[in-house]
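2 protein chains.
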Amino acid sequence: MCELLGLNANVPTDICFSFSGLMERGGRTGPHKDGWGIAFYEGKGCRTFHDPLASADSEVAKLVKGYPIKSLNVVCHIRQATHGRVCLENTHPFTRELWGRNWAFAHNGKLKGVKRWPLKYYKPIGTTDSEYAFCWVLDQLRQKYPKPPAKPETLWRTIKKLFAKVDEQGVFNGLLSDSKYLYAYCSTHLAWVTRRAPFGEASLIDTEMTVDFAKETTPNDVVTMVATRPLTDNEEWTVLTPGDFLVFHEGISVFN
Amino acid sequence: MCELLGLNANVPTDICFSFSGLMERGGRTGPHKDGWGIAFYEGKGCRTFHDPLASADSEVAKLVKGYPIKSLNVVCHIRQATHGRVCLENTHPFTRELWGRNWAFAHNGKLKGVKRWPLKYYKPIGTTDSEYAFCWVLDQLRQKYPKPPAKPETLWRTIKKLFAKVDEQGVFNGLLSDSKYLYAYCSTHLAWVTRRAPFGEASLIDTEMTVDFAKETTPNDVVTMVATRPLTDNEEWTVLTPGDFLVFHEGISVFN
Numbered sequence: 013m014c015e016l017l018g019l020n021a022n023v024p025t026d027i028c029f030s031f032s033g034l035m036e037r038g039g040r041t042g043p044h045k046d047g048w049g050i051a052f053y054e055g056k057g058c059r060t061f062h063d064p065l066a067s068a069d070s071e072v073a074k075l076v077k078g079y080p081i082k083s084l085n086v087v088c089h090i091r092q093a094t095h096g097r098v099c100l101e102n103t104h105p106f107t108r109e110l111w112g113r114n115w116a117f118a119h120n121g122k123l124k125g126v127k128r129w130p131l132k133y134y135k136p137i138g139t140t141d142s143e144y145a146f147c148w149v150l151d152q153l154r155q156k157y158p159k160p161p162a163k164p165e166t167l168w169r170t171i172k173k174l175f176a177k178v179d180e181q182g183v184f185n186g187l188l189s190d191s192k193y194l195y196a197y198c199s200t201h202l203a204w205v206t207r208r209a210p211f212g213e214a215s216l217i218d219t220e221m222t223v224d225f226a227k228e229t230t231p232n233d234v235v236t237m238v239a240t241r242p243l244t245d246n247e248e249w250t251v252l253t254p255g256d257f258l259v260f261h262e263g264i265s266v267f268n
Numbered sequence: 013m014c015e016l017l018g019l020n021a022n023v024p025t026d027i028c029f030s031f032s033g034l035m036e037r038g039g040r041t042g043p044h045k046d047g048w049g050i051a052f053y054e055g056k057g058c059r060t061f062h063d064p065l066a067s068a069d070s071e072v073a074k075l076v077k078g079y080p081i082k083s084l085n086v087v088c089h090i091r092q093a094t095h096g097r098v099c100l101e102n103t104h105p106f107t108r109e110l111w112g113r114n115w116a117f118a119h120n121g122k123l124k125g126v127k128r129w130p131l132k133y134y135k136p137i138g139t140t141d142s143e144y145a146f147c148w149v150l151d152q153l154r155q156k157y158p159k160p161p162a163k164p165e166t167l168w169r170t171i172k173k174l175f176a177k178v179d180e181q182g183v184f185n186g187l188l189s190d191s192k193y194l195y196a197y198c199s200t201h202l203a204w205v206t207r208r209a210p211f212g213e214a215s216l217i218d219t220e221m222t223v224d225f226a227k228e229t230t231p232n233d234v235v236t237m238v239a240t241r242p243l244t245d246n247e248e249w250t251v252l253t254p255g256d257f258l259v260f261h262e263g264i265s266v267f268n
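Chains as they are written, first to last, in my numbering: chain A, 13 to 268; chain B, 13 to 268.
Some hints could be false.
Said to hold, decoys possible - Heads up, simulated BS3-like pairs for lysine-lysine below, C-alpha to C-alpha not over 27 Å straight-line: (1) K135/B to K172/A; (2) K82/A to K132/B; (3) K82/B to K156/A; (4) K132/A to K45/B; (5) K173/B to K56/A; (6) K56/A to K159/A; (7) K45/A to K124/B.
If you're looking for bench data, these hints aren't it; they were derived computationally from the structure.
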């Protein structure tokens, strides 16, 4: 199993605190030693960091932990390989362009038979079922909508259906972003929390670290975190149930 | 004008030394203060670092300078904006997937009218003429070859023709890689040097730094560097002439 972490906010927000907790699970408090990756959106641009090394030992992870890249959308993943060897091209998140937007995707779970599904536009570079499923989803979107649908809800409903279809092939917890929205699908494990005023303290489960968000934020900030398992022990995380699909925009859930 | 740097080698090689020289040109010895980016190939995987900040001041650049990521192919770019505002999505190198391969592209120069050319499969995310031209080249390749041509030379000749066509629109010094090969096109300025046994010392023009490659290499290593202008003052760089197109594989020029 892998661990997912997503952020969606209404103001550019750094993920240093939550990232610090998650990275401990990469080889120290957790068994996810087979690489990690993160995609930060800045406007339409997307900055990715990938490392096939255990996150707890990674130089690049140290940089990301200490360097506050501020973003409205983040997709992060640490990997325990179940399918596909440990190498850079099998390291999530995967990215592709559709409709002139950067799409980033990370997956937790295992799928069966997905690789026999036909692909038209997008081809996987690595050998994971995760990247294959991502290519298939984008392929379907592209075939159905040569241009993005006028109403965002149309797109959201279609993504939900496509994710549910992939989920039938096994376990499919997924985080996806197109630079505007963060899409979260729960197959077995996914939880989320929204932080907003009045902000309080949060303390990480995986490492001794506490942050007082009141000092780091303004009263208008709204920030949602999505993770495989709650990362803090003193906040109220909502645990999703199988089949749940949420869309986040500007820090709040706009579709479920 | 921007600065390009490429590496192609027969053994995984780090680019720390040449990168150190180039990064000085990003805001210190050169005017290229509008961001920088680098793509490292590791097998079929591609690791990219992008920063819209001046490279001389960039935290991410410090990491890349000090952290020896070893690669057979590298495409690097520092930017002085001529077209398109300074932001992440306008920061080279640009990447796209074609035939299940990662393609990375960086451009130095200015093009006129390219943005009126039709695009079918690939859409730009940012607003640069460079990314548009890259999308157009991949679009043409994809339309002509739904699968990669059996003979690499067929692909090389086509890329040369496409680059020459783009070059007609202005200035087009370009570096491209598909994870196997490094493609270099000279419109006005591009130079290259191949390092092989017996290795000697090299000293950077832009910063006081010397490296003794004899200590860093094995006798079988062959490493080619391509750059806008020579980066060292005691090696014999070959300066390309307008219209030159070279393909490098395992450190040597295999097509021109």
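Exercise. Check each numbered hint from earlier against the structure, then list the numbers of those it violates in ascending order.
Key: 2, 3, 4, 5, 7
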